[in-house]
Amino acid sequence: MCDTASPNQFVQKLDDYIDSLTHKKENLIGVLHYAQEIYGYLPDNVQWHIAQKLDIPSATVYGVVSFYSFFTMIPRGEHVVNVCTGTACFVRGAEKLKEELENQLKIKAGETSPDNLFTLETLRCVGACGLAPVMIVDGKVHGRMHKPQDINEVLAKYRPES
Amino acid sequence: MKLKNTDALNALQAQSLKLLESRRAIDSVGTKHAQGLVRHVMVCGGPGCHSSGSPRIAECLEEELNRLGLSDQIKVFQPGCFGFCEKGPMIEIFPDNVTYCEVSAEDVTTIVEEHFIHGKQVEHLLFMDPNTKERFATKLPFYDGQLRIALRNVGYIAPENILEYIAADGYQALAKVLFQMTPMEVIDVLKVSGLRGRGGAGFPTGSKWEFTRKNQADQRYIICNADEGDPGAFMDRSVLEGDPHSVLEAMLIAGAAIGASEGFIYVRAEYPAAIHRLKVAIAQAHEYGLLGKRILGSDFSFDIELKYGAGAFVCGEETALIHSIEGARGEPSVKPPFPAEKGLWGKPTCVNNVETLANIPPIILKGAAWFAAIGTEKSKGTKVFALAGKVNNVGLVEVPMGTTLRQIIFDIGGGIKQRKTFKAAQTGGPSGGCIPTKYLDSPIDYESLASIGSMMGSGGLIVLDEDDCMVNIARFFQEFTMDESCGRCTACRVGTKRLYEILTKITEGKGTLEDLDKMEKLCRIIKDTALCGLGQSAPNPILSTLKYFREEYIAHVVDKTCPAGVCKSLLKYEITDKCVGCTLCVKKCPMHCITGTSKKRHIIDQERCLKCGACMEQCRVVGAIICH
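The listed protein sequences correspond, in order, to chains A and B.
In this text, residue positions in the first sequence follow our numbering: the first is 582, and each later residue adds one.
In this text, residue positions in the second sequence follow our numbering: the first is 174, and each later residue adds one.
I should point out that these hints are in silico values taken from the structure, not numbers from a laboratory.
Just so you know, even glycine gets a beta-carbon here, dropped at the ideal spot from N, CA and C.
Incorrect hints may have been included.
[To be verified] On the chain B side, residues computed to face chain A include the following (Cβ under 10 Å):
#1 481
#2 499
#3 656
[Said to hold, decoys possible] Coverage of chain A stretches by chain B, computed from C-beta distances (three or more under 8 Å per stretch; other residues unrestricted):
#4 610 to 621
#5 645 to 651
#6 667 to 677
#7 705 to 712
[To be verified] Among the chain B residues that face chain A by a calculated CB cut under 8 Å, a handful are:
#8 258
#9 404
#10 410
#11 443
#12 483
#13 484
#14 497
#15 502
#16 540
#17 563
#18 568
#19 599
Could you put the whole structure together from the sequences, leaning on the hints where they help?
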């Protein structure tokens with residue numbers, strides 16, 4: 582995640598990608614995926630730039646960005662912790678897991694810790710229902726997260742050694 | 174190497190058959206290098222096993238076999254999901270036909286030494302029936318009663334090798350369609366087979382293709398709906414990851430049948446592994462001339478492009494999905510016109526779900542009669558269910574339509590966890606309903622599920638037990654649809670929010686009997702007036718729980734109790750006679766609302782109790798603190 586990057590830093594890369602597309606306007610969602618991958622999030626000026634480049638109103642870009650939950654307009658922390666809140670995890674204690682994570686990280690779901698280390702989010706089903714309840718840190722799934730100490734152990738791996 | 178004609182495809186298949194030879198032969202563990210065959214070790218790469226470390230197991234196996242110089246005689250593969258997620262990570266060894274469960278990287282040396290060098294089964298890694306304690310090396314009870322059509326290759330072939338797919342009759346159905354059948358004959362086969370959409374509503378696939386074909390246009394499109402959004406369903410993901418070519422082949426067949434030259438796969442961005450497999454599969458299909466211009470030397474040209482979703486459940490609705498592919502907000506539009514008339518960029522478009530597509534190649538090869546012989550009168554073939562929740566054997570099961578819930582949950586699923594009592598089965602995800610015990614024995618198909626207030630949906634099947642509060646479950650689904658409502662129509666945007674508010678009120682003990690009537694009325698209004706399937710089906714979880722579990726609602730609003738002990742505001746912690754007066758709970762209570770002295774029964778001040786449960790966690794005497 583490049584949360585500290587200035588939006589101008591990757592402009593060339595983004596422009597090259599847009600130039601490589603045959604259909605531009607129709608690929609708005611693809612362009613946004615790409616932009617979020619390089620910037621880590623989609624701030625106003627990146628959205629504005631994309632709108633200009635694709636020759637569409639910036640309101641359209643904002644409309645799409647705000648519609649899809651995959652896109653974010655605020656930078657995320659170094660590690661993204663997701664709690665699966667799919668049905669299988671829900672009936673096996675996802676709510677407790679979320680509360681425990683909120684406790685241990687001292688942030689609410691949707692927030693980023695002040696030291697910028699963790700962002701806590703929820704998502705719906707990663708298909709690891711056999712391991713419910715699961716949490717996902719930077720894409721890696723950790724299953725059967727019932728006990729506070731297990732959760733603590735997983736988080737410890739992502740904290741800088743001090 | 175581009176395949177120029179059917180003969181070239183057949184020759185390649187004949188050549189590739191040896192890839193699967195070991196997996197088709199059966200041999201005993203004792204004989205080394207039996208029939209001169211190379212042994213195949215299949216390490217399940219499904220989402221569950223992958224998460225619990227199966228890639229590491231495969232790595233360790235390869236290292237160990239290399240070290241011992243056995244890597245020429247024993248090959249390691251990582252195919253898709255075996256289905257039995259509960260006992261993962263799993264490995265299966267061919268031709269020995271032995272399955273090991275709950276394998277870890279530490280078990281690798283034992284397996285290599287015992288199984289491969291000494292020719293003995295590793296007893297403690299075999300599946301054990303929890304009741305009879307009997308061990309099974311093969312034919313696990315979990316697979317009894319299952320019939321794999323859509324999942325036929327998942328877990329069996331290496332998904333990133335097109336030659337294995339071709340060896341397993343891959344692209345033969347396409348060749349048959351291109352050279353031996355007219356487009357109308359293909360559509361007729363599908364119509365006669367009785368195949369219906371596996372994504373939710375169950376519309377007959379053959380008719381959908383026919384409508385799309387009938388509409389005159391210079392271009393038509395095929396879309397594969399791989400935006401699997403139902404929380405708790407992962408069958409589409411397993412097909413995409415385990416057998417991506419079957420989806421491509423079916424899309425090619427659809428293209429030939431309806432006269433389309435372009436197809437799109439709309440896949441969730443949350444499935445990176447599936448996206449990777451699809452990219453590999455598409456590149457390989459191009460390399461062999463199975464995608465692109467003049468496929469297999471015919472006049473038919475077809476190409477497939479991947480499109481990524483961005484986390485919107487409503488995009489599983491076909492008109493919303495089409496808008497999303499066009500790069501816009503994924504909001505649905507009014508039907509008619511149906512996508513078959515005016516779809517992607519205004520052209521006739523056919524949208525099919527992943528599982529539906531995976532069924533098509535075998536139907537073409539084996540014929541409509543074969544498929545129509547499986548299932549019930551109106552629902553043919555099989556259905557894949559993602560069995561999860563409070564059931565012993567969580568996993569993916571594919572069963573003939575008409576199988577009963579009891580067979581799925583108690584025979585295949587091994588019953589309820591910790592010997593608790595079954596309460597309900599939730600099918601159809603946020604659009605479905607909760608089915609109570611009395612319907613456990615009714616055969617499930619599209620019609621029977623709809624008649625009892627639920628629906629097939631994409632095939633999520635969540636088992637609930639005595640510890641689940643039905644009002645809370647309804648609230649969970651309502652929260653989901655409220656979050657995912659796109660906001661386009663008022664009925665869904667405002668209605669789902671109001672329903673959620675009433676349900677929250679009830680779980681907090683502030684509900685009234687009048688609220689139940691209000692809620693029921695609002696549910697009917699939303700069903701009648703919402704624009705798309707999401708809104709129209711959003712009230713189903715509430716209506717079905719109100720119908721079958723009304724007494725639980727009544728307990729919440731009249732008695733102000735939660736029978737399952739879930740709704741925090743309605744819980745009451747009490748200390749019984751069994752209390753020995755150890756004062757542990759007194760010290761632990763964050764509110765200091767427990768009073769009592771040493772060796773005397775303590776008392777909780779109900780007025781101030783937070784219901785945090787800290788006292789119960791601390792208490793060492795069973796039954797001294799109860800929660801009801």
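Consistency of the hints with the structure:
1. 481: Cβ of residue 481 of chain B sits 6 Å from chain A, so the hint holds.
2. 499: holds (6 Å)
3. 656: Since the shortest Cβ distance to chain A is 8 Å, the answer is holds.
4. 610 to 621: Result for this restraint: holds, n = 4.
5. 645 to 651: Satisfied; 5 residues make the cut.
6. 667 to 677: This one holds; 6 residues, not fewer than the three required, reach chain B with a Cβ under 8 Å.
7. 705 to 712: With 8 residues closer than 8 Å to chain B, the region 705 to 712 of chain A meets the three-residue bar; holds.
8. 258: holds (3 Å)
9. 404: holds (3 Å)
10. 410: Holds, because the Cβ-Cβ distance from residue 410 of chain B to chain A comes to roughly 5 Å (cut-off 8 Å).
11. 443: holds (7 Å)
12. 483: Because about 3 Å separates residue 483 of chain B from the closest Cβ in chain A, which is inside the 8 Å limit, the hint holds.
13. 484: At 4 Å from the nearest chain A Cβ, residue 484 of chain B passes the 8 Å test, so the hint holds.
14. 497: holds (7 Å)
15. 502: holds (4 Å)
16. 540: violated (33 Å)
17. 563: Because about 6 Å separates residue 563 of chain B from the closest Cβ in chain A, which is inside the 8 Å limit, the hint holds.
18. 568: holds (7 Å)
19. 599: holds (7 Å)
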